[in-house]
Amino acid sequence: MHRLIVNPGTETAWEIPLPPGVILLGRGEANDVPVEHSSISNSHCQITVMNSGVIVKDLGSINGTFIDEKMIDEALLLPGQTLRLGDVLMQFGADPPAPAKPAALAALAASAAATETPSFAGVMGGAFAYPFKHDGVILLIAGTIFYVVINFLTAHAQIFGFVLMIFGTGYLFNYLQRILISSASGENRMPDWPDFTDWSDVTGPFIQVLGTAVFSFGPAILVKVLAPADAAWTHGALMGAVIFGCIYFPMSFTAVAMFDSLGALNPLLIIPSMFKFFAAYLLTVVLLFAVLVLIWAGNSVLQAVLPVPILPAAIAEFLGLYVLTVEMRILGLLYWTKKDELGWFSGK
2 MHRLIVNPGT ETAWEIPLPP GVILLGRGEA NDVPVEHSSI SNSHCQITVM
52 NSGVIVKDLG SINGTFIDEK MIDEALLLPG QTLRLGDVLM QFGADPPAPA
102 KPAALAALAA SAAATETPSF AGVMGGAFAY PFKHDGVILL IAGTIFYVVI
152 NFLTAHAQIF GFVLMIFGTG YLFNYLQRIL ISSASGENRM PDWPDFTDWS
202 DVTGPFIQVL GTAVFSFGPA ILVKVLAPAD AAWTHGALMG AVIFGCIYFP
252 MSFTAVAMFD SLGALNPLLI IPSMFKFFAA YLLTVVLLFA VLVLIWAGNS
302 VLQAVLPVPI LPAAIAEFLG LYVLTVEMRI LGLLYWTKKD ELGWFSGK
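Numbering (the working numbering), first residue to last: 2 to 349.
Think of the hints as simulated: they come from the structure by calculation, not from any bench.
Any given hint could turn out to be false.
Claimed, not checked - Simulated crosslink set (BS3-like; lysine-lysine; CA at most 30 Å straight-line):
#1 K58 x K225
#2 K58 x K340
#3 K58 x K277
#4 K58 x K339
#5 K71 x K225
#6 K339 x K277
#7 K71 x K58
#8 K339 x K225
#9 K277 x K340
#10 K71 x K340
#11 K134 x K340
As the list claims (entries may be wrong) - Have a look at the derived ranges for each label pair, beta carbon to beta carbon:
#12 V164 x G123: 21 to 27 Å
#13 I63 x V164: 23 to 29 Å
#14 K134 x L312: 22 to 28 Å
#15 W234 x D88: 50 to 56 Å
#16 L312 x N189: 29 to 35 Å
#17 V34 x I63: 17 to 23 Å
#18 H236 x K134: 39 to 45 Å
#19 A291 x P9: 47 to 53 Å
Yeah, the Cβ is synthetic: ideal placement off N, Cα and C, and Gly gets one too.
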């Protein structure tokens, strides 16, 4: 099996197994293999392991990805070469493979170098089928059952229910960030639901999504709290602030997920980014609005149509997870296809 030895030749050396498939490396917990180091980006690189070879693709990291100290965007990694992510050095090794002709390796490297990112219009339509590919349906059903139970317990408890609400929200947005990040790297398979190792796995995403929502809809909150209810301009100001929040939230959520920091909410970063491809970005805004409507109205409508215990809530939860998954997929694809225009991590 292929493997990477991190910090080779030192007392702190450790091994990263590389089974066949796509593996995401970075500082964030949403990666397949988190590598904790300040020089490594939240989503640093993608490693594709195939029978014919291993390809490393940089994901717009701040401090770069290097093979044998040469900065790469996408390249073939051969046994014995070193891979460096930021300041973290790794040695690539493998079990003895079957002999490969140099011409085949050269063709593989040329294929990797020639790969081009498709257009957003060309991949966006597939986002609606994305949750049903591979084992996506099983993941959605498992998530539906989990959140129906969480919502039931939350509704019938107080302090315990509040803790469950934080846990459920944080865990959900941890998963949504995983979908966004994997889509932003060009991966076509839904990631597994994240493992729960400690409370930071849910409190971090909870704080990030709460901060993003408060920042995005802060003007609406201020108008609602401070504006006179009987003033003629209050209703228009409130609607304008809500529309602004719906427009601001998707890009800011993407930035917070990619940078793994609430500092990415900076309007000097978010507002110019939205207008670099506003027509494509407008679609994500429409979908966000659909999510809000579905969550707000879906449960009550289904209860009227299907007066069966639990079933309406389960259907509404499934549809909500589906639409959120599609939304995260589209945001990830938007970043993947427009990352050169965004230039968020171009300062190498």
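Exercise for the section: Sort out whether K225 lies within 30 Å of K339, counting only the CA atoms. Expected result: Distance ~36 Å between K339 and K225 Cα, so the pair is violated.
Practice task
Quickly compare the C-alpha distance for K339 and K277 to 30 Å and report which way the hint goes.
Solution key: Given pair K339, K277 holds - Cα atoms ~9 Å apart, limit 30 Å.
Handout entry: Restraint check for K58 with K225, where alpha carbons must lie at most 30 Å apart
Key = violated, 47 Å
Handout entry: Restraint check for K71 with K58, where alpha carbons must lie at most 30 Å apart
Key = holds, 13 Å
Exercise for the section: Note whether the CB distance of K134 and L312 lies within 22 to 28 Å or breaks it. Expected result: holds, 26 Å
Exercise for the section: For V34 and I63, compare the CB-CB distance with the range 17 to 23 Å and indicate the outcome. Expected result: Taking Cβ atoms as reference, V34 and I63 lie about 19 Å apart, which means the hint holds.
Exercise for the section: May I ask you to test the hint 47 to 53 Å on the CB atoms belonging to A291 and P9? Expected result: holds, 50 Å
Problem - K58 paired with K340 [C-alpha distance capped at 30 Å] - result: Roughly 14 Å between the alpha carbons, so the hint for K58 and K340 holds.
Problem - Straight-line alpha-carbon gap K71 to K340, limit 30 Å - result: holds, 22 Å
Practice task
Starting from the range 29 to 35 Å, see whether the pair L312 and N189 falls in it by beta-carbon distance.
Solution key: holds, 32 Å
Handout entry: Cβ separation of I63 and V164, checked against the hinted range 23 to 29 Å
Key = violated, 36 Å
Exercise for the section: For H236 and K134, compare the CB-CB distance with the range 39 to 45 Å and indicate the outcome. Expected result: Roughly 44 Å apart at Cβ, these two residues keep to the hinted range, so it holds.
When held up to the earlier numbered hints, the structure conflicts with 1, 5, 8, 12 and 13 and fits the remainder.
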